[in-house]
Every structure is written in C-alpha cells, then in structure tokens.
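Novice: Chains as they are written, first to last, in this note's numbering: chain A, 470 to 861; chain B, 3 to 300.
A few of these clues could be false.
[Claimed, not checked] Here are the simulated BS3-like pairs of lysine-lysine, each with C-alpha atoms no more than 30 Å apart in a straight line:
(1) A:K674 with B:K293
(2) B:K22 with A:K674
(3) B:K264 with A:K667
(4) B:K281 with B:K257
(5) B:K281 with A:K674
(6) B:K257 with A:K667
(7) A:K674 with B:K205
(8) A:K624 with B:K89
(9) A:K652 with B:K89
(10) A:K517 with B:K202
(11) B:K22 with A:K691
(12) A:K472 with A:K517
(13) A:K667 with B:K202
(14) B:K205 with A:K517
(15) B:K200 with A:K842
(16) A:K667 with B:K281
(17) A:K517 with B:K257
(18) A:K674 with B:K257
(19) A:K713 with B:K281
(20) A:K674 with B:K200
(21) A:K667 with A:K694
What the hints contain is simulated information worked out from the structure, not anything from laboratory work. Here the structure is a predicted model, which is why all the values come from computation and not from measurement.
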Amino acid sequence: MNKFICGDDAVAEGVRLSRPHVISAYPITPQTITVERLSEMVEDGSLKSEYVHVESEHSALACAMGVSSVGARAFTATSSQGLLYMAENLPYASGARLPIVMMNANRSIATPWNIYGDQMDSMFLLNSGWIQVYVEDAQEALDMVIQAYRIAEDKNVMTPMMVNLDGFVLTHTYELVEIPDQKMVDEFLPPINMVEQKMSVENPKSLCISAGNDFNFEFNIKQNKDMINSEQIIEMVDKEFGDKFGRYYNGMIENYKCDDAEVILITTGTITGTSRIVCDEMRSEGKKVGILKLRYLRPFPTEKINNTLKNAKAVGIIDKNMSFGYEGTIFTNVNSSLLKLENSPKTINFIGGIGGKDITKANIKEAFEVLLKVSNGDKQERIQYMNVRCDK
Amino acid sequence: MTKKLNAKTITNTELFYGHKACGGCGESLAIRLAMKVLGNRTFAALPAGCMSAVSFIYPNMAFTTNAIITPFAATGAVASGISIGLKALGIEETNVVGFAGDGGTADIGLQALSGAIDRDDNIIYFCNDNEAYMNTGIQKSGLTPYGTKTTTSPAGENLPGSITMKKNMFEIVAAHDITYAATASVGYLEDFMRKVQKAKETKGTSYIHVFAPCPTGWGYATDMTIDLAKQAVDSGLWYLAEYENGEFTLNRNPKEFASVEKYLMAQSRFKHLTEDNIKVIKDHRDKKWQKMRKNWVR
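Isolated chain B, as found in the complex (with noise of 0.2 Å):
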C-alpha cells in the first residue's frame, strides 16, 4: 500500500482542468480526485453525459492524459477494448478508466457493464451518481430516488415526483462476483481517494459508485455540494461500503441518522414532498440499513 491520500499527500499536478462543467459540480470533482490518484499513464472512456459535454470541446480537450468519448451504451466495452488493445500491444502499467453517469450506468450502459465484469477485463468503471440526466437538462434515470422532482418526473396533484426507488447498482455489480467494488461519496473525499487507489492495485475489474451532487439539477447554492454530499451518507440515504472476496463491508455505521428532512429540504427538487412521503423514503431506507448492518458489518 502507498501512503495514505489526502489533501497533503495528494498531487498537485492537475490532469483533469479547464473543462466547462457549472461551478460547484460533484461529478468533475471525483473525475479531478480519481485522475490524481491514477496518474498521467490513465486511459479515460467517457459516454455521452456532463463530462464528456463539458471536457472535449474542439479545440479545448480538458484531459492531459488520453482520453476518448464512447456512444452512450458502450463505456463498458470501449473501456475493454483500450484495456485489451493496449494488453496485446505489450504496454504495460496503464490503468484503464470508464467514467460514466447514472443513466449511463444503470440504464442504458447496464449490459455492456455486465459483459466486462463478467470477462474481468482489467478496468476501473466509475458510475458517478448526480441521480438523473443532467446533461440533457435533468430527466429521471434509473438512479432518481423515489420522490424526485425532475422534468420528467414532474411532482404534482397525483405523483410525488418519482416513483421508483433507486436501483441497487452496488449490489447488481457485486452479483458478479466484480473483484473489487465501492460506495463512495464526494463529501469523504479521503475514502473515496483510498478506494480509487485500492482499485488501481485490483487486477480485473473494479467498480467504484460515487455519490455527486449536482446544483443545477437538485437546485441548491453551489457552495453545497460538499455538505450535502455528507449529510446524504450521514442521514443514511447513501452508505460508504465495499465488496472484496465476496464479502461486503459498510465503511460507516452511524449510530444515529442525521436529519433526512434537512437533507431534502435544501435541495428544491424535494421541497414539494409531504410528511407521507418522506415516511416511505425513510422506511426504505431503515429497511436497506437493517440489511446492512446485519450482513455487511463485521
């Protein structure tokens, strides 16, 4: 293991800048972090999404290192194919990196993301997790929780906003029996940086779920990002957690939750919700954590 990351011991070096994302942006955040930890010999996939909207705008390219944008089903098998190429070719000490949206990893990238893991091609797949498709201006996806208000899960008379849950893509890799997968989260930046570096040492695949908030697409001040990155994992509706050796870890086991109303009441994509509603949030989210604390927590 190399020294522990965080904000004294990580680079300087900037490999991922001058990218046009909104200011205060979660996902260009964990693509900054995740790029220092894996260094200038990183090869980057990226679908159609933000980052690869905002980072390859001819002439300005805002990776240093290589780095190509897939069609939007396909991180997963692009991703292979750099990592197989470059294993025939004989260039070795090269990581290989998909970074793909919610949408683009639980909807429409789901089969190609499959089809890797199932080979155990050498690639690290980052779903980073803004909760819908913010890129073309904040559609449910797959990944919208329940009670959501997006433009196409409008909240009114008769719906709450979205009305499906969360897709449980951590466990739906973890099902693979993926080498090495995580939850992480921008608001702990030093484990999400210690788990980029432990799927860097992981040969096979790896998958790495991070949690990015978004300003514009959950409509809350751009100095937020951060806290409300935390308070989401404090308040339990995200957890910090691990799959190794076909066993899960949780990383975090608050012992009391924090606020899930103050939580949802800064953002205006849940200001709409009632008492009821946030009822049927918490209870799935007590009836997740009652799993995990009994099978994920040793």
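Bound-form chain A, shown alone (with noise of 0.2 Å):
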C-alpha cells in the first residue's frame, strides 16, 4: 500500500509496524507530528500501545528507561532543544544498555532561536553512547525505525538508536511512501526479548548501578566495543531487509558513482538528493565526480569511508553543524579516519544549511568545482560556507 505522507507521518507509520509497548510523547516543533499521529494511531485502536503524555522531554527519555527496564519495547521522539534538555539521559540509556528507539527531528539550536532544520543537535550528543542514523527521505524513514529495533535490541548491540531526519525538509515534506505489510513487518521484526539487562519478577535485578574507579572503565570499554561491532550487525540487518522488502541502504555508507571519481562529496540526510543531481549533471559534463552518503555517524564507518575515499584526489565535507572554535564535526571525523591511509585525499570542509539556510543546487556545484580545482593541484580555502553572505 502506498500513502502520501510527510517524514513525520512515515516515522509513525514506522512505528505502528514496530508495535512498541510503551510511547512517551512531547511535543515539540518540528517533531510533533509524529507524536500526533500516535495519538490518533492508539484512539482508533489501529495502534496498540501504551501513550504516556510525559510533561518534559527529560520525563520523556526517562519514562522510555523505565519501560525498557522492564523488557518493553519503548519509543520517544524528540528534536533541537527538547533533545538537549533530555541529554544526560542519553548516556544514562546506553550504559544500561536500554534499546530505546528515539526519532529526532534535526533542527537548529538557540540562540537565535530558529526553528529550522540543521545538526547542531544532535552533534551534540555524538559521544551519549547512541547508535546515530541520518536518513534522506520519508522512506528511509519509515524502514529505518523498523531496522533501528531489530538492531538495537540485537543481543549483541543492546544499544539505543537514534533515527535522525532533516527538520521541515523531511518532517514536513510529501512523498508517496509504501507502507510494509504487517506479516511481513512481524516477520522482520520479532518481539522484543531482553534478557540480561531487564527487571522481572522471576530474576531481579539492580540496573543503572554505580561502578567505582576500579570497575568503571571496563564498562566502558565493553559498551566501545558493541558499539563499533554494531556495525556488523547494522549490515546485516539492512541486507536482511532490502532481501524482505526489496529497499537495501547499503548499510553504513552509500556510494553513488565513487568507482572512478577523483572528487567525492560526503553528504548526510536530505541534502544527498540533491547532490545526486547535480553529480549526474557534472557527469553528463565529463566531470569525474561522486557522492559519498554517510548514513551512520556512530558506529563510525572509517573502513568503509577509506575504502571509498582511497583513489580519490579531493574530499568536500558537508556540515549542517559547526563545533564553535574549530570546524564541522563530520569533518573532524572523516580527516582523522583518513590518516588512517598511507596517502589520503586533500579535504575541504562546506559548512552550510545552518538554521535552515537553503543548499542550493547552484552551492552544491560550486562545491565540486573547488574540489575539482583542489584535485588539479589549487590551494583553497580548507573551510568555507556555503550561501552566507558574511566573511569568514
């Protein structure tokens, strides 16, 4: 069955199929539609979950703690400041080892307030111990709240997600979206089944416990290393998928026409389609140009980015967010993963989209040029911004 729906509406239909247990909801812009849908979802009996009307995003996480303690599946969604208000639960989540899956509309953070879409939120929350997803349409969405169970309540991930969608250029848009059969979703999808870090009657237990300074790092490392070996799982899980539902997201990465391409952009989220574009134009020009879609922030796919970026000459780096006093954090990330070869690519940093600012096709072109022109040997500036009208 198809419908045409908004992101939000294909997060909720996502998690409709998901059956969760137990949905805390709080409202908040550009997110709240999804939480409005499940509350008309659970009215008409088309959903059967338990809807708690939280009274913060704080209480929102929280009360998905406790229901996850338990071994019910849980979901909250949340964006922007509502994600920072409830950020030290994230952490508190993944050291329980709680897979709670979370929507989060990405949208800018104040001050100037701003209600539009960038990642300075949930860069934010990079290092809370959550699995990361961005997702380029409806969709994705949709599938990727499916996959988000399945790989976060795998007993070898047991760890929360979160699906994160561009603010107003996903959440509000619409696009005809399938909408999975039930069987086939319950087929994909089992019930939820913890078993060592949930209460019961039958084996209690203590969670959230304290480990002093001669336990504590080692839980630590523990919960590292089913982080970075998620990312198995997560591929797996996505081939398993597209094998099911006939959609595959390449797991981790997407490359579009990387093979020979001496100029590669990373792109994350929304932006990717637009890029895919202009690429083709570019190609259709004799430019040898690629896209490199990074779906994952965390576990961070540094493998398979070199694995793409190895043979190419330049690398653009698009962020939607700025770590104030230094660069965009996927940059960051993405230059210290290259050290990791022998020769790697010069990088160039686009930071743009902020508060919702317009990424242009037009920007995205201009972007290839200067990687084009990096490739040829030029200096260029090494991060620039992309449609602003004030210096550096």
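Two chains, two frames, some hints: make the complex.
Specialist: So, in structure tokens, the structure goes:
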C-alpha cells in the first residue's frame, strides 16, 4: 500500500508497524506531527500501545528507560532544545544498555532562536553512546524505524538508537511512501526479547548501578566494543531488510558514482538527493565526481569511508553543524579516519544549512568545482561556508 | 485490610540490607520497613542521593528485589515507565515505588512527580525527608527548615542559617487531587507501615512523605534517630496526616506540644539559634497547626 505522507507521518507509520509497548510523547516542532499521529493510531485502535503524556522531554526519555528496564519496547521522539533537555538521560540509557528507539527531527538550537533544520542538536550527543543514523527521505525514515528496533535489540548490540530526520525539509515534505505489510514486518522484527539487562519478578536485578574507579572503565570499554561491533549487525539487518522488502540502503554508507571519481562529496540526510542530481549533471559534462552518503555517524564507518575515498584526489564534507572554535564535526571525524590511509586525499569542509539556510544545486556545484580545483593542485580555503552573505 | 503491622507481625525477611549507609540513618530504616510491607514483587526507582549511592555499588547490590537508579530529576518518570511497561507486558500484582530524598522530590524532581500524579500512574512515591542534600555534604534544599545551618546556608553574624521555611510538599501533592497521600515519621513506625500498606492497596498514584533524621547531617549521636523523629512530631515541627477522597485528616493532634527548644538544641545544625530565631520557628508552627486543627480534624 502506498500513502502520500510527510516524514513525520512516515516515522509514525514505522512505529505502528514496530508495535512498541509504550510511547512516551512530548511535542516539539518539527517532530510534533509524529506524536500527534501516534496518539490518533492509539485512539483508533490501529496501534495497541500505551501512550504516555509526559511533562517534558527529560521525562520522555526517562519514562522510556523505565519501560525498557522491564523488557518492554519503548519509543519516543524529540528535536533540538528537547534533545538537549533530555541530554543527561542519553548516556544513562546507553550505559544501562536499554534498546530504546528515538526519532530526532534535526533542528537548529538557540540562540538565535530558530525552528528550521540543521544538525547541531544531534552532533551534541555524538558521544552519548547512542547509534545515530541519518535518513534521506520519508521512505527511509519509515524503514529505518523498523530496522532500528532490530539493530538496537540485537543481543550483541543492546544499544539505543536515534533516527535523525532533517527538520522541515524532510519532516514536513510529502512524498509517496510504501507502507510495508504488517505480517512481513512481524516476520522481520520479532517481539523484543531482552534477557540480561532487564528487571523481572522471576530474576530480580539492580540496574543503572554505580561502578567505582576500579570497575567503571571496563564497563565503558565493553560498551564501546559492542558499539563498534554493531557495524556488522547494521550491515546484516540492512541486507535482510532489502531481501524482504526490496529496499537496500547499503548499511553504513552509500556510494554514488564513486568508483572512478576523482572528487567525492560526503553528505548526510536530505542534501544527498540534491547532490545526486548535481553529480549527474556534472558527470554528463565529463567531470569525475561522486557522492558518499554517510548514513551512520556512530558507530563511525572508518574502513568503509577509507575504502571509498582512497583513490580520490579531493574530498568535500558537508557539515550542517559547526563546533564553535573549530570546524564541522563530520569533517573532523572524516579527517581522523583518513589518517589511517598512507596517501589520503585533500579535504575541504563545506559548512552549510545552519538554521535552515538553503543549500541549492548551485551551491553543491560550486563545492564540486572547488574540489576539482583542489584535485588539480590548486590551494583552496580549508573551511568554506555555503550560501552566506558575511565573510568568514 | 490485612493484619495490623507492628514489630511482632512484620516479616523477618530483609529485602534491603548490606548497604553502606551511616549508622543511625533514618532514611535507610524507612526504606527497609517500606520494602518489608511491599514485598518481593516490588520494583524500586531511586534517583541520585544517599540511598542510591550506598545501595548499588558494583558488585554489591543492597536490594534483593528489582531496583534501578534514575536520573536525579526523573524518579517519577522512570517509576511511571516501569509501571506502564509492566502493565503493557501484562505483568500483574507488582508494586512500583520511587524512593527519593527531599531535594530529589521538592526541588529537582518536582516536575516529574507532578506529571506522574497527574496521569495517576500506579506508583508509590516516597519522599525520604532529611531536610538537606546529605549525599553531597549537607546543602540546603527546598525542604530545609528555617534556621538550619548547612554547608550552603551558613549561620553567622548576618544570617541564621537557611531563611526559607520548608516547602509544603504534602499539600502541593494533595493539590493535584492525588488518590492517596500521607506524611509519616520514622519515630512512629506503626503509623508509617500502616500508611505504606494503604498505599500498596491504592490503585493509582500515592505519596508518602516520611520524616527521616540524619545523624551525619544534623549533628547528633546515632542512637537518637528515633527519639528525634518522635520529638519533631511531638513538638509540632512535623505532623502526621493523610489525604484521601479529597479530604485531609490529622492523625496525631497533641494537646500540648513538646519542647521545641529541646528538639532543636539536641542537634548541632540548630545550636546557633537565638530566642528570636526560635520565635520565628514557633510562630510558623502555630500558624500551620491553627489551620490544620481547624480544617483537618474531624
């Protein structure tokens, strides 16, 4: 069945198909449509979940933690200031290995106040121990909610997962989305079956414990190891999903015309679609350009990125965020990854889209042109702002 | 109703032991007895505070039942999540409780508690009130009474210690029209256990505010906890009451108050108080009791 829906609607459809036991809901633009739709689904009986009207985002995630701690499937959603307000609960949940799935509508953070999309919010929480995926369109949003539960609840992963959608550009734009069959989703996503990290009457446990200076480090190392190893589970789940539903997302990254590319642009989320069109246009002019769509920022797919970039001469990284006093965060991560290559390509950081500033086809083309110059040995500014009216 | 709970009838089974609380700790006594009343199908949520700090130190866990540390502000929300999660899984006949301190309840946790009461989630929320942030080293909270010397409300030439009275948590909770709320004291344990039993039998949210002296934070000998907890009630500086069906009931209404001075001077946190300071405390008490005696006695 196909439905003409927006990104927020698509997330709600993905949640309905995933049958969480409990949804803790608090509104924030541009996520709100998701919790509205979910309340309607619970009201009309098409979703048999408990729907909890929590009084804040802090409680939204805290409530989900309580739900997950007894082995039930939990969903919540947030954005921007809401994500930052619940921030302390993110490492809490990941350290306790609670496989919560949360949608985040990527939105600018105050001040200046702004409700439009950039990725400053989720970048703050890159170190929170959550798996972070960034989706490009409404179909991918729906599909990734379902995949997220499979990944998070895998006994070798047991890590919460954040599904990121670009605010407005994706959350509020409409497209035709295929709604998978419930029976097929049930086959793909079995009921949650937590064993170790859950409280139960038969097997009582203390959770979210304290571990002093003699044990704490080892807990963290174990968590890090499992997060790094989750890359294999993510790839496996994506393949199984594709086999079942016919849509493959290529796991950690998706390469577009990268095989012989001399310059490659790294994108996340919605800007990927625009970039592909520009890429096609420049290819028709004989320019060897390609796109690397970075889907996951944690775990960070170092080997896959390096494998794609190793023969390129210049690489551009679009960051819809900036770490004040330094540079774009994805740029930092990619550069660190490239250090593992003996001969790494030159990199340029294109920071854009902050506070919802448009990134146009012309801007993408300019970025490619800069990269082509770099590939010919020209020196270019290392950090460039896209589509702005002020100097750096 | 089950049989009356007292020293003879309460179970010998311990559900909370081996923790590292100080000798004479009133709060740990309240939890120990509450757990005995609630039984082993209990899920306990504890925010930051003494009780979580002393009970979950890997690998030694002090609760024999299920227990979880919550973010400081989130006792109500995590307890709600546990209760609703169990309901969604079809797991019945369980108790979900929050054990928070005075700061964890009246200050940082007030919002989440309010949300839980508003939803009437099936939880029992305990405020273990020892009148300051003890775990961090005796700092003033919203439930620290007037004239208390703490490490952030020093008593000196210019100030008598804390200058706020003490948030009226019981009535703030009751104002939500909660299903059941009560105040209690570890000085009157039979009354406390009766109220825990009542909360256990309540469907919906219940709240028990238990007064629990702290020898370390208050500055008194560890064998005086029960005595001081009694004196606080008898001198009128604390009170035993219930709220149900929209009505307040005062459970203990002494004809004459025991000595406020004796209670205060037994503790180093109040030793600096002047006669004028004590008059402020007594006047506040009298105003409160006038209202309670008028409206809460039937």
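Novice: Run every hint past the structure and note whether it holds.
Specialist: Consistency of the hints with the structure:
1. A:K674 with B:K293: Roughly 45 Å between the alpha carbons, so the hint for A:K674 and B:K293 is violated.
2. B:K22 with A:K674: Between B:K22 and A:K674 the Cα gap is close to 19 Å, so the pair holds against 30 Å.
3. B:K264 with A:K667: Not OK: B:K264 and A:K667 at ~49 Å, beyond 30 Å, violated.
4. B:K281 with B:K257: holds (20 Å)
5. B:K281 with A:K674: violated (50 Å)
6. B:K257 with A:K667: violated (52 Å)
7. A:K674 with B:K205: It holds: about 25 Å lies between the C-alpha atoms, which stays within 30 Å.
8. A:K624 with B:K89: With Cα atoms ~24 Å apart, A:K624 and B:K89 stay inside 30 Å; holds.
9. A:K652 with B:K89: holds (25 Å)
10. A:K517 with B:K202: holds (28 Å)
11. B:K22 with A:K691: holds (27 Å)
12. A:K472 with A:K517: holds (21 Å)
13. A:K667 with B:K202: Cα-Cα ~23 Å, so holds.
14. B:K205 with A:K517: holds (22 Å)
15. B:K200 with A:K842: violated (78 Å)
16. A:K667 with B:K281: violated (53 Å)
17. A:K517 with B:K257: violated (56 Å)
18. A:K674 with B:K257: Since the Cα atoms of A:K674 and B:K257 sit roughly 48 Å apart, the hinted pair is violated (cutoff 30 Å).
19. A:K713 with B:K281: Outside the cut-off at roughly 78 Å; violated.
20. A:K674 with B:K200: Holds, because 26 Å separates the two Cα atoms, which is no more than 30 Å.
21. A:K667 with A:K694: holds (21 Å)
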